[in-house]
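Undergrad: Next come the chains, spelled out residue by residue.
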Amino acid sequence: MASGRVRQMLAAPFVAVVRPLVNAWRVSLQARVVLSTLLLGTLVLSLTAWLMLTQISDGLVDSKRDTSLAQAEAAFSEVQEDLDAAGSAEDSATEQVVSQLVASLANRSGSPPGYVVMLVGPLGDEISSDGVTSSSAPVSSDSAPTELQTQVRDQPGTWWTYTDIDFTDDSQSDGAGIAVGARVQTPDDAGDYALYYLYPFTEEERTLGLVAQAVLLSGAVLMLLVAGVAWLVTRQVVTPVRLARRIAERLAAGRLEERMQVRGRDDIARLGQSFNQMAGGLQRQIRQLEELSRLQRRFVSDVSHELRTPLTTVRMAADVLHEARPSFDPATGRSAELLQAELDRFEALLADLLEISRFDAGAARLDITEVDLGELVRREVDAQRAVAEQAGVQVDVVAPVGPATAQADPRRIERVVRNLLANAIAHAHSRRVEVIVAADDEAAAVAVRDHGSGLRPGETALVFNRFWRGDPARARRGGGTGLGLAIALEDAQLHGGWLQAWGEPDSGSQFRLTIPRRAGADLRGSPIPLVPDDLTVGRPYETTSGLGEEPPDTDPAEDPAPDREPTKETAP
Amino acid sequence: MHRGRVLVVDDDASLAEMLTIVLRQEGFDPVMCMSGDEALAAFREHRPDIVLLDVMLPGMDGVDVCKALRAESGVPIVMLTARSDTVDVVVGLESGADDYMVKPFKPKELVARIRARLRRFDQPAPEQITVRDLVIDVAGHSVRRDSTAITLTPLEFDLLLCLARKPWQVFTREVLLEQVWGYRHAADTRLVNVHVQRLRSKIEHDPEHPQIVVTVRGVGYKAGTD
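Respectively, the protein sequence lines represent chains R and F.
Okay, so the first sequence: first residue is 1 according to our numbering, each after it adds one.
Okay, so the second sequence: first residue is 1001 according to our numbering, each after it adds one.
Source of the hints: derived by calculation from the structure; they are not laboratory data.
Every residue, glycine too, gets a C-beta built ideally from N, C-alpha and C.
There could be a bad hint or two in this list.
Stated by the list, open to error - Restraint ranges, calculated between C-beta atoms of paired labels, are given here:
| # | chain 1 | residue 1 | chain 2 | residue 2 | range |
| --- | --- | --- | --- | --- | --- |
| 1 | R | Arg-334 | F | Ile-1129 | 52 to 60 Å |
| 2 | F | Val-1216 | R | Arg-385 | 26 to 34 Å |
| 3 | F | Leu-1118 | R | His-322 | 20 to 28 Å |
| 4 | R | Leu-292 | F | Val-1175 | 40 to 48 Å |
| 5 | R | Leu-494 | F | Ile-1129 | 38 to 46 Å |
| 6 | F | Val-1090 | R | Arg-385 | 27 to 35 Å |
| 7 | R | Arg-385 | F | Arg-1024 | 31 to 39 Å |
| 8 | R | Ser-327 | F | Ile-1129 | 45 to 53 Å |
| 9 | R | Arg-385 | F | Val-1087 | 40 to 48 Å |
| 10 | F | Val-1216 | R | Leu-292 | 21 to 29 Å |
| 11 | R | Ala-324 | F | Leu-1118 | 21 to 29 Å |
| 12 | R | Val-387 | F | Arg-1024 | 31 to 39 Å |
| 13 | R | Arg-297 | F | Ala-1149 | 28 to 36 Å |
| 14 | F | Val-1175 | R | Phe-346 | 31 to 39 Å |
Stated by the list, open to error - Subject to a maximum C-alpha distance of 20 Å in a straight line, what follows is the list of computed SDA-like cross-link-like pairs (lysine to any residue):
| # | chain 1 | residue 1 | chain 2 | residue 2 |
| --- | --- | --- | --- | --- |
| 15 | F | Lys-1106 | R | Glu-337 |
| 16 | R | Lys-64 | R | Leu-210 |
| 17 | F | Lys-1106 | R | Leu-350 |
| 18 | F | Lys-1106 | R | Leu-210 |
| 19 | F | Lys-1108 | F | Leu-1118 |
| 20 | F | Lys-1106 | R | Ala-391 |
| 21 | F | Lys-1106 | R | Leu-321 |
| 22 | F | Lys-1106 | R | Ala-336 |
| 23 | F | Lys-1222 | R | Thr-369 |
| 24 | F | Lys-1108 | R | Lys-64 |
| 25 | F | Lys-1106 | R | Glu-323 |
| 26 | F | Lys-1108 | R | His-322 |
| 27 | F | Lys-1108 | R | Glu-323 |
What the hints assert, rightly or not - Computed far set for chain R versus chain F, every beta-carbon distance over 12 Å:
| # | residue |
| --- | --- |
| 28 | Thr-42 |
| 29 | Thr-54 |
| 30 | Ser-104 |
| 31 | Gly-114 |
| 32 | Glu-147 |
| 33 | Thr-158 |
| 34 | Val-211 |
| 35 | Leu-232 |
| 36 | Ile-247 |
| 37 | Leu-251 |
| 38 | Asn-276 |
| 39 | Ser-293 |
| 40 | Arg-294 |
Take these sequences, add in the hints, and give me the full structure.
TA: Next up, the structure:
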């Protein structure tokens, strides 16, 4: 990620500044537009300012050069004339003449002096750095570069170059300038002198500084204004978009009547229109489905009432007949018995069907309290003791010493345990049934293990199907409605828990219920392995979750942690 | 032996008749009433010891009848309902019913419940129990705060008495069901919740912050001590 690299590149203090910016860049379209406008605008403006300043400084320097050259040339010829005139007059010391000349030249430069006059000479073969004979201000002869001095010495005419003017005292600061020079001849052949005019760019630099300052200041103000404009303009676009987002969120949260306000006929308005159309369509669909679901639930509820009242009457009548059967002839007596027994099944089936339809309608609700699974299991085992004894099955409970509590709906958990227990006893073939209870920090579990015929490969996925029968050829035993495990799975899922099956032919089967100890928490593992411990080492096994898609648990010796199971399993 | 007069309020003629047959067999003295509107008159006329009340009735429905009955009597009321959804059950109980039975029920279970409701403690010895500022007169079946009498139904009285007799003990909902309702097998603990709410609304100064019937989180209830 680019942001990752950015973060690495920046030192820690900068991160504190940059991170919110990076964040704003990612999150806010408006910030992004404003920031990019600012960056690009600054770039463009800098380029323009640079071009402008270059042009101005070039112009200033050129005009300064032109005026300087013209002034210097005029001065040179005047000086030569003066010298020639002096030569024809009475002799006087050349030095003196030259010094006077310089002083008179300097007087013309005004105050403060616009230029410096420098006289070097008499010219010899060597060009020395301290060859200044006279000057209007204390300057070093380096102010006229060696090349210029050479040119002036060797060739007649006026020469010029850009230079750095080097003042030898602090009266003026050093700076760039133009040096113009020419050779002047003294009258008494005392030697030639080189006369230089040094024009510093002080004035031009000051002007350029002022211009640059103005450009920078106005540029900064301009950038701020541009950023503000960008902010305002994007706000026009972003505000409706944000509004749409908020409305969409509210729609998603179930407030289906929310709509966007549509004003005008622009793109934003059209977006709003389409959005509202979509919301309207969704609302219609959902209302329709809700209505259907409501009707469905209502129907189920009505059927429940309508069926239950006559069933109660029939039930009571059958009971009276059943009580009186000793006085009937054998056939009638047996009929009364069958009537009674089948009514039990009919009732159980009706109850299970209503329960399933309640799950299907999404009307099932949890009634959460703190439940001790150990106690609950013991109670259910006690309740089925008689049935177990009748089937010749011994039921053992393996529970921790302390409580294994979980936040759950006790009626539903009881129903699941009752169901698993009844199934195990029915398929135990008179062998032992174990009920294991365990809990860790996050999950509590109950596993019911039988040593009966077990499940064939693939069947662990099927046992949770509605009305599924293990062996179609096997006679149906009374009792089961064929919906028990399907309801148990729904109950487990309602708790955010798992109900899983393991089985192997002739080794029996194990059903494990795992629920989170805190209601609504996610399950990540179960405190009980799905495959019983006595079978996991060195034996082939067949195991699946409720869906039959998950690979079997690994050998506990290799994986000491509680097994990890899929969090999702749906009834087919 | 007279085992109690039962008023059966149900609009389903067959069920009502079947109920009377079964109840008569069990030695009760059943009286039928086919609609909610007549229920109150029938109650005043026959003075039953217990009322079996169907929730869905033409005219005045079961919940309204229940409220009307409660307004003038503490007679035990058992609701007969075709729905076992929490909302329906709780609405029924909150309207004043002592117990409810979901259709289809087994006749034996119904009879057991009726007997449990009619079971009264044998003449208790004169005894006064005090819970905070409440005084319970056990023999006189009355509860007073200062000199004001508080009207409780027999079931609410039994519930309060059960808790007050052993203020040091926390009662689980299951134990209360057994001791107050007389059910040996765990029935619906919602019964306890709703009745505790109703009892609190009558005896607590502030039912939102109960001090007499105190909830012990994750366990059950106990009588508040000073």
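Undergrad: Which numbered conditions among the earlier hints are violated in the structure presented, ordered from lowest to highest?
TA: Checked against the structure, the hints that fail are numbers 9, 10, 13, 18, 20 and 24, while the rest are satisfied.
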